[in-house]
Amino acid sequence: MKKKTYINGVGCISTQKTFDTVFLEEAAYNQNDTVLSIIKPDYKDFISPASSRRMAKGVKNGIVASALAMKDANTENVDMIISGTGMGCIEDSEKFLKNILDNNEEFLTPTSFIQSTHNTVGAQIALTLQCKGYNFTYVNGAISFESALLDAKMQIEEDEANTVLVGGIDENADYTLSLFKLAGFIKKEQDQPFNLLTETSPGVVYGEGASFFILENEKKENTYAEILDVEIINTLEENEVETQIVSFLKANQLQISDVDAVVLGFNGDATFDGYYKNLAENTFAQTPQLYYKHLSGEYNTASAFALWMASKIIKTQEIPEIVKVNQVEKPVYKTILLYNQYNGKNHSFTLLSK
Amino acid sequence: MKGVAITGMGILSSIGNSVEENFDSLRNEKLAITRIENITTVHADVIKVGEIKKTNQELIDELQLTADNNFSRTALIGTLAAKQAVENAGISSINEFRTGLISATSVGGMDMTEKHYYDYFTNPELIKYIGCHDGGDVAEKIANELGLKGMVTTISTACSSAANAIMLGARLIKNGKLDRVIVGGTDALAKFTINGFKTLMILSDGYNKPFDNNRKGLNLGEAAAFLVLESDEIVKKQNKKVLARVSGYGNANDAFHQTASSENGDGAFLAMKKAFEISGLKPSEIDYINVHGTATPNNDLSEGRAILRIYQDEKVPDFSSTKPFTGHTLAAAAAIEAVYSVLAIQNGIVYPNLNFETPMEEFDLQPQTTLKNKNIEHVLSNSFGFGGNCSTLIFSKD
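If you're matching them up, the sequences are chains A and B in order. Just so we're aligned, residue 1 is where the first sequence starts under full-length UniProt numbering, counting upward by one. Just so we're aligned, residue 1 is where the second sequence starts under full-length UniProt numbering, counting upward by one.
Everything labelled a hint here was simulated from the structure, so no lab data went into it. Treat each hint with caution, since some may be false.
[Claimed, not checked] Some, not all, of what chain A presents toward chain B, calculated at C-beta under 7 Å: (1) Thr117; (2) Lys132; (3) Tyr134; (4) Asn140; (5) Leu177; (6) Val325.
Glycine is no exception: its CB is placed at the ideal position from the N, C-alpha and C atoms.
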């Protein structure tokens, strides 16, 4: 019998106040900026100033978010560390690349090269915790985090680990943001104010963040939710998503009407939000629908923010007004489905249960 | 345990653009470490690299891509290798079974980013390359070219990346999540990595000499290799030829330093130990170890000590590093060495550890320096990366 996977601790650094809070009570919907920045925690509570100086923002946020998750789960040790990051340590990549180009490949120091490796966050957490176990980093756009989640779930099912630290991290870096604006990935200033659910313009409002989770094979008093299943599919047409969801639910002995809330990855890109609108208007018309990228911004591992949000909802049984797409309510929030995609690619389905 | 079946392989490296060409070079001691031609760098007269001697345009023509394509070099060589692997496995309908692609890369599209970084704002024609920087874009393109629609993901754990991609693929099949997975890695040479390794002062100005007392560092290389893993159900149903099996795998973290390996190779030791546990094999059953052997002072000492810890009083099997042939191909290294491991099993050959002259003074370990013919049932292959990431794979005869 395969072991079950429980979320027993969460930690979230995001563009909202998501630490030292109960939930999203201090969240604010910024409709005017095209790029959202994280609300910084007090790093010195978690990292020595000497180490902190050498670390890029993403690494620091990863360390803090993982420490929060561990504290939340009352655990001091983990067996494995599995991370996802779409762009990796882009701040240090930028720094090293600029030094190469500006100085014609001379007078370089290795620090930013060393820290630019995609698995730096997972490695630094392992160093901090002295965790010698399995340590993987996934870098595949919008499903970077779900790859880590699926891997962690398999490790627990196969009894390879009791406790796994899993997270998604992405950081913003100035020059890369300017390139994303140039390429039209990010919305234009003149199109504001933004209303993600009714946007007619292309592009997204960009964000950053780090969300970590403690997954364990044991249900505890502080358990948030059980992860029933995770599925990743690279390519789906708009009209194939419903069929996919139905078969995904069926594989877990569930049907559409069993879903108590659906978390959709609306990012305000008029070109691809049809994937979600179809579901919202048809498949899940009678289901409470939630969205989150108006709070977190869109980034490769924004779906980790969604998992944080859904975990909190199952635990507190309350849905904050600010994340509601429709006004449908349910007496109990037992089963939550998360669906995300980016540019019609990298689709992920995550199923949580109370 | 029986292990997961390997039914196809594809490879491009400095020593050849197909499995056959690579094997021919290995067997005939034809290394390919040369001056760099495809990248303009101030270090061109100092460093030697393992370079695929084809321009991007030649690769584009081979893939018959349209002029408006935005393939990075990493994606170009990756797609060619993956196509070879799928063809070699005799797959005609890619989505017939639940098929996934697990790729690995460390530089991704950095070769394009570094070439055009400051020109994007003045040359609109280049803007298409902005979206090909990230690691996931490479897998995306390979999947597209293969017509593969299912699970696609990418692992990036520096120089152990492809080992981890093979590991994940094997686990996805064992877990019943997928029936067939194309696994491997790809990394093109880039100014970024050349300068990175240069600042770390671990690039050799000559030919890399793994496990030699006078080793001076590594030669960088570029390569791509993919393998097709299939479930036993498919193998049986389609009467597939099994080239070899992935019988063991392990990943562990050294938790010592971001770039250096610990003195006793804790991570390497734990990775090998785990791989033995999974495979159910004893260390004495390994016939050949394809070591990571980058020829940096630090790696070879740490890896050697870890191997001695595994073997204790037993005899260490024949071992060699193939990096003198190809250079260190970073995220692709474990994938090309997986292909070499399978070829070693199929042909009963231990490859020579070229350039070796003087044994290391720290221990009594001597690599196999000449081509050796013998029956090989099991090969152990190590790959270690930055961030203390240590991986071991064991390949076995079907």
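Is the interface hint for Tyr134 (chain A) satisfied, with its Cβ closer than 7 Å to some Cβ of chain B?
-> holds (5 Å)
Using Cβ atoms only, decide whether Val325 (chain A) comes closer than 7 Å to chain B, and label the hint accordingly.
-> Cβ of Val325 (chain A) sits 28 Å from chain B, so the hint is violated.
Closest C-beta approach of Leu177 (chain A) to chain B relative to 7 Å, hint status = violated (11 Å)
Would the stated hint for Lys132 (chain A) survive a check requiring a Cβ distance to chain B of less than 7 Å?
-> holds (5 Å)
Interface restraint verdict for Asn140 (chain A) against chain B (beta-carbon cut-off 7 Å) = holds (4 Å)
Does Thr117 (chain A) pass the interface hint, meaning its C-beta sits closer than 7 Å to a C-beta of chain B?
-> holds (5 Å)
Hint violations for this structure: numbers 5 and 6, all remaining hints satisfied.
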